[in-house]
Amino acid sequence: MTASTTSAPALHRQSAALSLSNPLAAAMAARNVYYGWIVAGATFLVMLATAGAMGAPGVIIRPLEKEFGWSAADISLALAIRLALFGMMAPFSAAFINRFGVRPVVTAAVAMICLGILASLAMTEVWQLVALWGVIVGVGTGLVALVLGATVATRWFVERRGLVVGMLAASNATGQLIFLPLLAKLTQDYGWRSALAFVVVMLLAAGVVALLVLRDRPADVGLAPYGARAIEPPPNQALSLGAMMASPLRVLYEVRSSRTFWVLSATFFVCGLSTNGLIQTHWIALCGDYGVAPVAAAGALAAIGVFDFAGTILSGWLSDRYDNRWLLFVYYGLRGLSLIALPFTAFSVVGLSAFAVFYGLDWFATIPPTVRMTAERFGAEKANLTFGWIFAAHMLGAAVAALAPASRAPSS
Amino acid sequence: MTYLPALYVAGVACVIAAALVLTLARTRLRTAAVAAA
Chain A
1 MTASTTSAPA LHRQSAALSL SNPLAAAMAA RNVYYGWIVA GATFLVMLAT
51 AGAMGAPGVI IRPLEKEFGW SAADISLALA IRLALFGMMA PFSAAFINRF
101 GVRPVVTAAV AMICLGILAS LAMTEVWQLV ALWGVIVGVG TGLVALVLGA
151 TVATRWFVER RGLVVGMLAA SNATGQLIFL PLLAKLTQDY GWRSALAFVV
201 VMLLAAGVVA LLVLRDRPAD VGLAPYGARA IEPPPNQALS LGAMMASPLR
251 VLYEVRSSRT FWVLSATFFV CGLSTNGLIQ THWIALCGDY GVAPVAAAGA
301 LAAIGVFDFA GTILSGWLSD RYDNRWLLFV YYGLRGLSLI ALPFTAFSVV
351 GLSAFAVFYG LDWFATIPPT VRMTAERFGA EKANLTFGWI FAAHMLGAAV
401 AALAPASRAP SS
Chain B
1 MTYLPALYVA GVACVIAAAL VLTLARTRLR TAAVAAA
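First to last, the protein sequences are chains A and B. At position 7 of the first sequence (counting the first as 1) the number is 7 in the working numbering, and the numbers step up by one without a gap. At position 29 of the second sequence (counting the first as 1) the number is 29 in the working numbering, and the numbers step up by one without a gap.
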C-alpha cells in the first residue's frame, strides 16, 4: 500500500473501522468529559515515545564505537542526517496529515521507526547505521514531530489551545531526555540492543493506543472543537496529492523576502544547534571527557527534560503576556552565557545540577514565542507551514552541531 | 576537552541570536489585542 495509490477517503474508512473512538466518545460524553482530551493524551504518548526514540542515540554512541570500531565521525554523520530529516519532514508532515489523516500517518510513522530500530539491532556496517538511523528513523520521527501536536491542538481545541500546544511541545522535548537514564542503565547492564528493544516496546504501546483512540477531527465523533459551539465539517479534501505536497514550497516562496521569517529561522537554527545538536547528542560523550560516568550524565539530561516540561508550559503562559522578542532575548542570552560558563563548573555535581535546572527551563522555552510570532506575522493560513520551515531550520542547526564535533577521535 | 570549542561557539551563537531577535518589530500582546477589539 503506497501513499500514491490509496485514496484518502479509503484510508479514513479503514482507519475508522479499527477505532474505539465512537463508543469511548459516547462514554466520555455521558461523564461530561470532552473526547479531545483523550486525543490530546494519545498524541502526547505518541510524541513522548517517538521523542524517546529520537533521544536514544545519545546513549549508544560509545557502545557502537567500542563494538564496531566506528569513528565518532561515522556515527555523527548518521545522527546528523536523522536530525536534518526530522526537521525537513516538518512542512511535509502537515501535508501528509491533511491528505491521509492523523491516524494513518501516526501508524505509518510508528511502524517505520520500529522497523528501522529493529533492523539496526542486526547492523554490522556503518552504512546500515546511516540508512536505518539516519534515513528511516529520521523520516519516521519527522512525521510525528511538533506539526502533529500543532495540528491536533488546532483542530480539537479553540479554548486552551495554547496550553495543549505547550504540553505537546513539552512532551516532544521532554521525551527526548527523560528516558535516557533508563536507556543508559539498560545499555550498561545488558548492552545497547536491550535499550533499543525497550524503545520499540514503548513505541508499539503508544502506537496501539493511537490506533484505537485517535480521530482526525471532532466532527468525526459528532463533537465541536473544545470552546466552540458549532460542529465544523471536515474541509474538502479534493486537493491532489501533488498540490498538497507543493503547498509547503508555495508558502516558502511567499515568505522568502520576509525579514521576520529569516530572523526566526536563524535564531531557531541556533536553538537546535545548542539543544538537540550539541547537548542532547553529545552530552554523555562530552561529560565523559570530564570523567563523568554515562549513567550520571544521562541523569543530568533527564533532569533537563523534567525542567523543560515546566519551562515550555510556563513560556507559553508568558508569551501571552509579555513582548515575545524580549522573552526570546532572555532565553537565548542566558542560554549562551550558561554554555560559556559550563566548563568553569568543572562538571561537579553542584555545577551539573545547576546547569540541568537552568538549561532545562530554557531548553524549548523558545517554541511558544516563536510560534506566536510566526502566527502573528504570517496569519493563521500560513502559520503552520511557515513554522514547519522555521522548525526545519531548527533541526538543520541540530544536524550541524551533531556533526561538528565529529573530528573527535574515537575513545578507547 | 575536545568539545570545549563547540561549547564556546554555541554559547556565542546564542548571544548573537538574543541580539538578533530584538531587531524585529514589537509583538502584539493579548491584552493589547483585546483592548483594541
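Misleading hints may appear alongside valid ones.
[Stated by the list, open to error] Among chain A residues calculated to face chain B with C-beta under 7 Å, some are: (1) Val158; (2) Arg160; (3) Phe198; (4) Val200; (5) Arg256; (6) Thr267; (7) Phe329; (8) Leu342; (9) Thr345; (10) Val349; (11) Gly351; (12) Val400; (13) Ala404.
Just so you know, the hints here were simulated from the structure itself, not pulled from any lab data. Every residue, glycine too, gets a C-beta built ideally from N, C-alpha and C.
| query | Of the hints stated earlier, which fail here? | reply | Numbers 1, 2, 3, 4, 5, 9, 10, 11, 12 - these are the hints that the structure violates, sorted from lowest upward.
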